[in-house]
Amino acid sequence: MIFQSVKMAFKSILANKMRSLLTMLGIIIGVASVIALVAIGQGTTRRVTEQVQGLGSNLLTVNIAGRGPSTSLDYGQAMRLADVEGVDLAAPVVSQNATVKFGGTSENVNVTGTNRDFLGVRRYEMAEGRFIGDVDLTFRHRVAVLGAETAASLFGDESPLGQTVTINGNRFKVVGVLAAKGESSAGSSDEIVIIPITTGERMFRTGGVRTIYLTVENEREASVVRGRVEQELAGMFRGNTNSYRVFSQQELLETVSSVSDSLALMLGGIAAISLVVGGIGIMNIMLVSVTERTREIGVRKAIGAKRRHILLQFLIEAVVLSGLGGLFGIGAGIGAALGAKRAAGMDVVFSTDIMLLAFGFSMAIGIVFGLFPANKAARLNPIEALRFE
Amino acid sequence: MEDLIVLDRLTKTYRLGNETIRALDGISLTIRRGEFVCIIGPSGSGKSTLMNMIGLLDTPTSGSYRLDGEEVSRLPDSRLADIRNRKIGFIFQQFNLLPKLTAFENVELPLIYRGVPGRERRRMAMEALEKVGLGDRRHHRPGQLSGGQQQRVAIARALAGNPPILLADEPTGSLDTRTGGEVMQLIRELNEEGHTIVLITHDLSIASRARRIVHIRDGRLAEESGVPAG
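One line per chain: the protein sequences are L and G, in this order. FYI, in my numbering the residues of the first sequence are 186 to 574. FYI, in my numbering the residues of the second sequence are 21 to 250.
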């Protein structure tokens, strides 16, 4: 009986192809937009999460906002944070955009003054040469380590090791080149020039360290260590808590995931609305169909169809319509997401859960909105139905 | 011959506004197995109501109806559908075939509702189609068949489940004289094979082919040239 009804439903859907397609359109658009938007949303979330995790989940970032002697730190003061219990590496940073020249070529890049811990904290690797050492800081050596991209654009295929570049007119000897790391959300991390922080402080005449990168010995103690760091900073700034801020990667990840969660909720809401609209479309057409087929219903009843047979027939037809719409919608959604990937280079992640959910939901819509027309058909009086022209 | 249909003082009244209309007014009628009965009457005489009553599409206001030994005048809808399916084969003036189904699928339909398993169902449907001489047209849709052929498919559908009663409502009303005659011939043959036929018409020339004629006027019956079979 069920098999016959499904067969019958497909038959009647195929008999009115155009009408069936238009009926399904609401569901198709609803499901397709959910699939596509969720795929793009999850792709973006994954990319951001990977970038954040790429920085290391044991990283604490201290930003110093204040200026003036009581609200800023010099390198020596900043390094007191390295002695906080649980802190492993500490890399204070002074940085400025500066013109770096070699021969006839010049580049405007971010020049970062820091210490030897920077390499480990930001997870860089050396391509050749060496990184900034303690001795460079002590004697304020004019040495520089170039990021992969900066090295390539200044020197091309030549090795920069031992060459001299000028930064804002000051001569620096290149002692090392970093290995390429790739894009990050904060711009390219390969367009960079690194110099000893003590040299940088003198050259930039900045009012102290702006950023301090710290790593925690044990990831699980990150929040405890963060508390200690904040306490230490409070001591340094005499309780002026507005002058600094400590971020952990954990916090960033949580922010990212809460943003993507609320995005998902919003998408779900839009999807639900469009599916309900699609369901109303199905109900509308099913009602028309019941009226058109009044005589058929009368005949079926006369030859022995019970109420539940008629109910089932129309309900199955509605569910087949909405389920088919769901399937087409999933196809269209995948197509749209792949199109966005190709056209705009967006990351997409397809989730089978979401697809199954969307499909199930569209079937459920068919049941809910098919019930009223199907019940109307099932309750028709056979005598009147047979008389219907 | 046993009694197949026994109507006893069957009454059906409708309310139309403030007026009460007696469509059937105390009808008593007994039809035995194997009979060929024609119910004849002008339009508005109550013959359609009587047919709906015999066909279990409608229930009487009062009186009793025993069909094949079972009182059926006070049964719930789903039970009536079941009895219709097993005991009554309908033949309509408008054929009432489902246009999107093939001849074979149309004939198969009552068996599907009865729950006959696939292989048996196909055998029975094919047998009925061959009985009306349309075995070779089983894949045609009603639209591809002539009026006479459509009515024969409809008769095959009525026959498929082997019901004791064939209930025909103006079966030749939409056909020309020649094909109408052929269909009547088929119905007579079915009667000779033992099917009980109840035929409703307003056409005397059709009625004259029956063995027993019952007149209905203003909801009351008057038996005429009754030569009860047996």
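Be aware that a few hints might be false.
Partner residues aside, some chain L positions facing chain G, computed with beta carbon under 8 Å [said to hold, decoys possible]:
hint: 1; residue: Lys196
hint: 2; residue: Leu448
hint: 3; residue: Gly453
hint: 4; residue: Lys486
hint: 5; residue: Ile488
Derived by calculation from the structure, the hints in this document are not laboratory data. Note that beta-carbon positions come from the ideal geometry of N, C-alpha and C, so glycine has one too.
Results for each hint:
Satisfaction of the interface hint for L/Lys196 is found here, the shortest Cβ-Cβ separation to chain G being roughly 6 Å, below the 8 Å cut-off. Because the closest C-beta pair between L/Leu448 and chain G is about 46 Å apart, greater than 8 Å, the hint is violated. Interface restraint check for L/Gly453: the shortest CB-CB distance to chain G comes to about 39 Å, outside 8 Å, so the restraint is violated. Using the Cβ-Cβ criterion of 8 Å, the hint placing L/Lys486 at the interface with chain G is satisfied: the shortest such distance is roughly 7 Å.
Interface hint at L/Ile488: satisfied, since its Cβ lies 4 Å from the closest Cβ of chain G, which is below the 8 Å cut-off.
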